[in-house]
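Trainee: Each chain is listed here by its residues.
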Amino acid sequence: MLRESSKATGEKYDLTVLTGTPGDGNIPYGALLVAFAEAVLGTDDERLLALQSEIRAKMGDAALVDAAAIVATFNAIDRIADSTGIPIEDSKAEMTADFRAALCINAFAEKRGEIADPRDRGPRG
Amino acid sequence: MITYSSTAIAVRADMVEAHNVAWGRVSRPGTWFDGATRVAIAAETRHASSCALCRGRKEALSPYAVAGQHDGLGNLPERVIEQIHRIVSDPGRLTRTWFDGIIASGTSDAEYVEVVGVVATIVSIDTFCRAIGMPLHPLPQPIAGEPHRRRPRTAHQRGEAWVPMIHPKDLEGVLDTEEERVLAKYWGGVLANIRRALSLVPEEAYAWFQLVETQYLLGKWMRDFANEYRAITHAQIELIAGRVSVLNQCFY
Numbered sequence: 000m001l002r003e004s005s006k007a008t009g010e011k012y013d014l015t016v017l018t019g020t021p022g023d024g025n026i027p028y029g030a031l032l033v034a035f036a037e038a039v040l041g042t043d044d045e046r047l048l049a050l051q052s053e054i055r056a057k058m059g060d061a062a063l064v065d066a067a068a069i070v071a072t073f074n075a076i077d078r079i080a081d082s083t084g085i086p087i088e089d090s091k092a093e094m095t096a097d098f099r100a101a102l103c104i105n106a107f108a109e110k111r112g113e114i115a116d117p118r119d120r121g122p123r124g
Numbered sequence: 000m001i002t003y004s005s006t007a008i009a010v011r012a013d014m015v016e017a018h019n020v021a022w023g024r025v026s027r028p029g030t031w032f033d034g035a036t037r038v039a040i041a042a043e044t045r046h047a048s049s050c051a052l053c054r055g056r057k058e059a060l061s062p063y064a065v066a067g068q069h070d071g072l073g074n075l076p077e078r079v080i081e082q083i084h085r086i087v088s089d090p091g092r093l094t095r096t097w098f099d100g101i102i103a104s105g106t107s108d109a110e111y112v113e114v115v116g117v118v119a120t121i122v123s124i125d126t127f128c129r130a131i132g133m134p135l136h137p138l139p140q141p142i143a144g145e146p147h148r149r150r151p152r153t154a155h156q157r158g159e160a161w162v163p164m165i166h167p168k169d170l171e172g173v174l175d176t177e178e179e180r181v182l183a184k185y186w187g188g189v190l191a192n193i194r195r196a197l198s199l200v201p202e203e204a205y206a207w208f209q210l211v212e213t214q215y216l217l218g219k220w221m222r223d224f225a226n227e228y229r230a231i232t233h234a235q236i237e238l239i240a241g242r243v244s245v246l247n248q249c250f251y
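Chains A and B, in that order, are what the protein sequence lines are.
Following numbering that gives the first Met the number 0, the numbering of the first sequence begins with 0 at its first residue and continues without gaps.
Following numbering that gives the first Met the number 0, the numbering of the second sequence begins with 0 at its first residue and continues without gaps.
Just chain A, same shape as in the assembly (with noise of 0.2 Å):
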């Protein structure tokens, strides 16, 4: 979604800050969220507190509660989608094939013995 994003408003962003490269992204406080995203899902909880009270000098209350619902929404969605067993759709999958493989995201797959790229399997049964 962020490269349908990025297609749509022409905005160039660097998509290998969502495996860790540091900076923004070129997104407007990109890396103080994707900064609050790692310490929510962290145990440091100091930091978390300094970084909740950044973005609510930086960006306001509502801003907080947002990217607080979306790393709620994620950090579950990922448990419905790792625990069902659900393959990355063939569209997407070859929408995607580039980024997924110039990320390395597809050794997340590959780790749990599954096939990264439906469109490898060949017809189903």
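Keep in mind that the hints were calculated from the coordinates and are not lab data.
Check each hint, because a few of them may be wrong.
[Stated by the list, open to error] Just a few of them, taken from the derived set where beta-carbon distance is under 10 Å, the chain A residues facing chain B:
no., residue
1, Leu1
2, Tyr12
3, Thr18
4, Arg46
5, Ile69
6, Val70
7, Met94
Beta carbons: idealized from backbone N, C-alpha and C, even for Gly.
Chain A is fixed; fit chain B onto it per the hints.
Mentor: Frame of chain A, contents of chain B only:
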């Protein structure tokens, strides 16, 4: 009842309402479990982070190399505790073989999906509380009653996922029952696999995506890049979503 009045941060009213609806659902009889079991699943979801076996497995090169017993609360069968703890503590390394083992140990595929739905609800709302800096909500009191135990006959195993799912093609043509007509309204047309993942237990899927649409975006807003609907932009939303999914090693 869930309230965010103890925090100085104003939480959107629709989010407060959605969280209350979700909390209420956890407490009521579901499709396969009664309210007491659903609340026990919720409690076990929270308890997973303090399990020594899960910590050991998380640190191991392979979680399957570490044997032992979970530090469970004792209110659920070990096979259900294993399912909950693994989904909470190490979801990125779940495998089809592990799933098959859970099913072979006596959990039905539909019960498995209902557990996933309850776990996801608790993980999501608890994560939200941590993210805005407030304590977790007390779990709800279970409401008495029996689960209805209806399996949608339109859900099939097509080899798409580990669990059977409803497919739009299952809902074409003349539909026999009111239930199928309701399902067709929800799952008719082409839909992403994530929208169908819990469809073996339709109520879990409906409820989960009501929560998602409130916390994230309505489906029709997701690709409306010309307008912004939240206090953060589409790009900021997807940046956070993408980073969380990478941290969770979620391929989907």
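Trainee: If a hint holds in the structure, say so; if it does not, say that too.
Mentor: Status of the hints after comparison with the structure:
At its closest, the beta carbon of A:Leu1 sits 4 Å from a beta carbon of chain B; the interface hint therefore holds under the 10 Å criterion. For A:Tyr12, the suggested interface contact is upheld, since its CB lies about 6 Å from the closest CB of chain B, less than 10 Å. Checking A:Thr18 against chain B: minimum C-beta separation of about 6 Å stays under 10 Å; hint holds. Taken as an interface hint, A:Arg46 does not check out: its beta carbon lies about 12 Å from the nearest beta carbon of chain B, beyond 10 Å.
For A:Ile69, the shortest C-beta to C-beta distance to chain B is roughly 4 Å, which falls under 10 Å, so the interface hint holds. Taking 10 Å as the C-beta contact cut-off toward chain B, the hint placing A:Val70 at the interface holds, the least distance being around 5 Å. Given the 10 Å rule on beta carbons, the hint for A:Met94 is violated: about 13 Å separates it from the nearest Cβ of chain B.
Violated hints for the displayed structure, listed by number in ascending order: 4, 7.
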